[in-house]
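**Student:** What follows is the residue order along each chain.
Protein chains: 2
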Amino acid sequence: MSAFRELSTSDGADLAELKTNMNVDYVISYHIPPDKAEAEAGFIQLIEALTRVGLASEVRHGNDSSVLVFVKVASNQYLASQIYRERLQDWLYGVRASAPEKDVTKAFENEPVTEAERLRLVYLLITKPKNDGGAGITPKSGQWKQVASIFPLHDHSFNSSWIKTWSTKYFLDEVDLDNIRNKFGESVAFYFAFLQSYFAFQFAPAAFGFAAWLILGRYSALYAFANSLWSVVFFEWWKKKEVDLAVQWGVRNVSRIQHPRTRFQWDHEAKDPVTGELVKYYPPMKRFKTQLLQIPFAIACVLVLGALYIFCFGVEIFLTEVYDGPFKSYLTFTPTIILSSILPVLSAVLTKFADILTERENYQTSDAHLAGLVRKIFVINFITSYTPLFLSAFVYMPFGNLMMPYLSIFTATAKRFYPDKSMTTQEFRINPDRLKGQMVYFAVTAQIVNVALEFVVPYLKRVAFKKVESVQAKRAASQDGEIIYDAPEERKFLQRVRDEAKLEVYDVAVDYREMVVQFGYLTLFSSIWPLTPLSFLINNWFELRSDAMKIAMGSQRPIPWRSDSIGPWLNALGFLSWAGSLISSAIVFLFGGESEGPGGDPSNVHVVGLLVTILFAEHLYLGTQFVVRYALGQMDSPGLQKERKERFAMRKQLLEETLGQDAMEAAVPPTPKTGEKITLVALEEEARRLSTSSGSGTPEQMFWLRQQGMDETIAIGRKLISQSKPRNNGKSTIQATFETVEEAVVDELLSSILSLRD
Amino acid sequence: MSAFRELSTSDGADLAELKTNMNVDYVISYHIPPDKAEAEAGFIQLIEALTRVGLASEVRHGNDSSVLVFVKVASNQYLASQIYRERLQDWLYGVRASAPEKDVTKAFENEPVTEAERLRLVYLLITKPKNDGGAGITPKSGQWKQVASIFPLHDHSFNSSWIKTWSTKYFLDEVDLDNIRNKFGESVAFYFAFLQSYFAFQFAPAAFGFAAWLILGRYSALYAFANSLWSVVFFEWWKKKEVDLAVQWGVRNVSRIQHPRTRFQWDHEAKDPVTGELVKYYPPMKRFKTQLLQIPFAIACVLVLGALYIFCFGVEIFLTEVYDGPFKSYLTFTPTIILSSILPVLSAVLTKFADILTERENYQTSDAHLAGLVRKIFVINFITSYTPLFLSAFVYMPFGNLMMPYLSIFTATAKRFYPDKSMTTQEFRINPDRLKGQMVYFAVTAQIVNVALEFVVPYLKRVAFKKVESVQAKRAASQDGEIIYDAPEERKFLQRVRDEAKLEVYDVAVDYREMVVQFGYLTLFSSIWPLTPLSFLINNWFELRSDAMKIAMGSQRPIPWRSDSIGPWLNALGFLSWAGSLISSAIVFLFGGESEGPGGDPSNVHVVGLLVTILFAEHLYLGTQFVVRYALGQMDSPGLQKERKERFAMRKQLLEETLGQDAMEAAVPPTPKTGEKITLVALEEEARRLSTSSGSGTPEQMFWLRQQGMDETIAIGRKLISQSKPRNNGKSTIQATFETVEEAVVDELLSSILSLRD
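For the protein sequence lines, the chains are A and B, in the order given. All letters in the first sequence, in the order written, are residues 1 to 758 by the UniProt record's numbering. All letters in the second sequence, in the order written, are residues 1 to 758 by the UniProt record's numbering.
Derived by calculation from the structure, the hints in this document are not laboratory data. Please note that the accuracy of each hint is not assured.
Unchecked claim - Covered stretches of chain B, as calculated for chain A (at least 3 residues, CB under 8 Å):
hint	region
1	36–48
2	310–317
3	532–545
4	705–712
C-beta atoms are modelled at their ideal positions from N, C-alpha and C, and glycine is treated no differently.
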């Protein structure tokens, strides 16, 4: 925990062992299996594979069952050629507007290699397949199953200044995001950019939410409309912003360059119709059939989680609203205990299932795999997050009274346990504040708990593991009487690396998921409690910082991948924004007005009104979305402008290069005189040829010889014009008159209408 | 009418005057205004402007108030440079995958200039602004308002063989479409491709429509579902096909190359942030404000046309179902007469209004202008086409009985006209066959009338105008005693050109509109009469041929514009497909079942059921669309494959060119030995440098000097491994045990579930 502790103190960055990474690019944690011969053979293969691609390696003791291999680039030429090749590929795929300089040295002078670029390419060098110029090391799979992890080392002085800066400023600016991008790659930078935009945008709903809370009260239609409009504007705006950022970061279209998934299993090899090479092929229809399993999967999620929720819900209702026997104050926690013990397990099982299903779908590229996984994770999260509110709003409140007879099961059960005592029950009454109470829980309590967990749990976990480990190490040492010593000048550095090796791999999807779920609460249910956006706003200020700390201290430094958007989460946001129009309109209709809800009796619900409201709200939403999308599409943005500028410059340059100076001049139209000359020369020659060969030409030739040159054409034309007797516009009188009248009437009418506007 | 007559006979193509176009590229019809001095000055300017861009011209007598200027390319070099430049531009905009050959002569040998390409570029030469290398002639506007039209001449031998081929074959193939593309450009070819695809796709609904008619009867939910599914599949398929065709025709992304609109009016000149040049600027917000006028425009359309329809509807109901007095059989036609006399006028006024509104929106490019106009035209057509059926289905049938009291207005009016006679009225009864009758009218009668009109009206019009003109010409000749004679060998050719000058300009939007409206009947209302698709299928066979004849004989030859899709009509199709899910589900719910409709009484309508049906149908539609889009997206297509192939070849070539043979070889990773050598050399040198300079290096240098070379790393690694005491996977025992159990349980569970599938 030295890194954590020292980072927490303000002068942590001055400590020597934090200042240097010993020029290490990557650390490979190599796990030692019980069979030591196997371990040694694998280790030799590893070092050889690394050396083969121009990487230098040093090995140090890791822990009792692992060694740490430190890797840095030895052959800078080879890395440079890889980077140059990558930049060229970027250009060919349309990621860059212009090709890199042909002179390699100059190319690197003009565009120096950033840390993220270097780390990304070294990582690719280690992991790319051999036939693609890499070492082909794939952690935890196949031949390399002993390679536990490959990670770069944190830049602790950057991290501590990063956290310090962010903790003391209210708003992040572009420089902050650029720093993240340079250190952790565009993939992580996009998350922070999204979160920052989302945070900034939330000031609007926080303000009108607060106003609505003061003036309009709960379940306000106006608030729901404003909130839905906000979600549309934010979503459409972000889609634009995303493109903009991608252009500014030079990663637009980078998703076109797909990294093959190492675990892809092919059906057979087939000739690629495009490249002509043999490629691994998996029939898409076979995949599509597997994908159809998502439907039963979603249904299973709904049933399993729904059943759990309904059970807990029933218990809760019974205990809080009906039961009035002994231990009531303790028993009230029963459903919470059931839920918080079973839900994580169920979630884990379902997530694992989602994992396996996605694995079975066998995507060819990492991006497609991620998208497939995110779809399923989103379904699970949608159900676990929103079911309690769904049940309260659309089951408990309208049908509560009908549930009474079923609650007698619980009464009977309870009576069986306490047959002797006469158990008292109170009369069941719908609790109209239940919905609001739940919403407050999700908007405030859960968020606070969550932020706390993000700090505390990893901390405790690491402390505990460290304790266990040091005890085990001591015991092992006392048994064998032998301790491996590090060189004294490296000890602290190695200790830090060992700490980092134990950290979790940072997965940006986890953070996206959290924000997307929050966005869902906002769009779907925030009309229940209009202070929700304000609460989220405050939470997100901390969220931004706590996520930064999670990366800086709680995780291994992420591989700086590139990406050109927030990826599959965009669809999830769009879906929630749309679903918000349905759910929030239904809630406002059901609970708006004096009575605040149907009070447990479905006959209080005006079904036609409800359906009309939903239909209307949804189509209003779709219409608004169309207009907002169009209006935003009309606006220019710095990123797109930059892109156009680059493309224009590139086009101009290429045109000049290809056409050459001569062609550029020849493109100026011939002046009248030269034009005339061409015509005359051509015609005179043709006339000569005609007279010498046959005496008279073809009709085509004769046709074009009647008027030799411009002057004759003009002369004849003038004669024809002077002979003509023009009438009204060349049309017959009746027709012309009709058209004139018609046009005059229409014009008159229209201009008078349009003038009303000015 | 000579061309028409001769084309109709089978040997028309053999006639001499049809065989040659005298090498003419374009004919300019120059109108002579009453002021002859002005006419002559304008004419001189015209000829000079043409000559300046390397075009030769001949002038001939047109009619009494016009002369015809024949234009052909004199300076082939200049045209070639323009074509080459255009091809280069195509490449730079990503329309072509590869750049044209650098050697110009070779470039034209490899890709000869097609007729469409030549004509398009000559037209651009005539109309492009002067600073862009053109003559800047803009027909009917500004300086060139006397230029009535610029048109190419029909290739009559092609036309007659075209019509002959199409009349004798059932299906069009790719060669047919390619021919159209080469003659009339991609813009027209896309229309025929769309119509042909639509026609081919209609076999499916025609077949199950026929089956539904036999077995299921009217208002079948199954038919409505199948029909809606069909519309989704067709729409999504066409979006794919469109891209495919664009790739095959080499026009993909051609919409990126925008032609500036000549009538664009700028607010002020501003510096273009992209090119740095001064450009004409019109603030988009100002345009957006004008665009908002579309909303009152749409409302006005609904009100004006709605009022007309409701009035006629009332009259019709009264006359057919209530009135039983004298002249009933004649009076029945009253509403038809009112409608068919007022509707065209109203439509014309609204279309004119749409025109003016679009003009006011002041778009910068022709494409944006067209899209804006099409949106409005679509609104007008939507209302004029579908209102009668809307009124019958959703007003007459459910609310018919409530309308009775209002019909007494007509009774009173009628009684005022015939106070003496005792007017008999029959009792009002809802006519359940009304809806079907209307649908049959729209699906059969109207289509037949339409095809007939497309042939007969233009024919009659031209015959009449020609009569009037020849009478006028004779009268003029007898007054002045002077007739202009053509040279005898040119007479027939000139007569043909004069005929073509009188023809209308072909507007592909008119044909698209017709098909889109038909598609709307299919998706919205065809469940009323399941034979509708069959009827449309038959109609479209003729439509394809009649449209071909319209181009070949009824219109001037179109300018062969390029395009990469059916443009704004795609959105209209998507909208109708979606609206179909709402309307047809409502119709099926209202009229399905035994009673066939609510019989005029709204209390027969189960409103909740109706709303639930609509909501369900719409979301089923959206879900299906999502799945179909995804599934189609997985499929490869020859066009996309071709594109990828070209891009791959281009990339490979460019990579080889840029990196050179050396770099390609250097990209092979260094072999173990060379890799080792680099490492060793680098390290030895470093060691030497260190020992000579300071005696001991920095910690970083020392870190990497501990293991000199691969062999030492391996040796130390093996030592470390042999010393280690590995435990379960490097994790603490408790944790490892827990994880193993958890994983085993989950894996067991999942594999047993998944194995059920196989």
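**Student:** Decide, hint by hint, whether the structure agrees.
**Tutor:** Hint check:
Here's how the region 36–48 of chain B fares: 7 of its residues keep a CB closer than 8 Å to some CB of chain A, so the rule of at least three is met and the hint holds. Coverage of a stretch by a chain is defined here by at least three residues with a beta carbon nearer than 8 Å to that chain's beta carbons; for the region 310–317 of chain B and chain A the count is 0, and the condition is violated. For the region 532–545 of chain B, the proposed coverage by chain A is not satisfied: 0 residues have a C-beta within less than 8 Å of a C-beta in that chain, short of the threshold of three. With a threshold of 8 Å between beta carbons, the proposed coverage of the region 705–712 of chain B by chain A holds, since 3 of its residues qualify and at least three are required.
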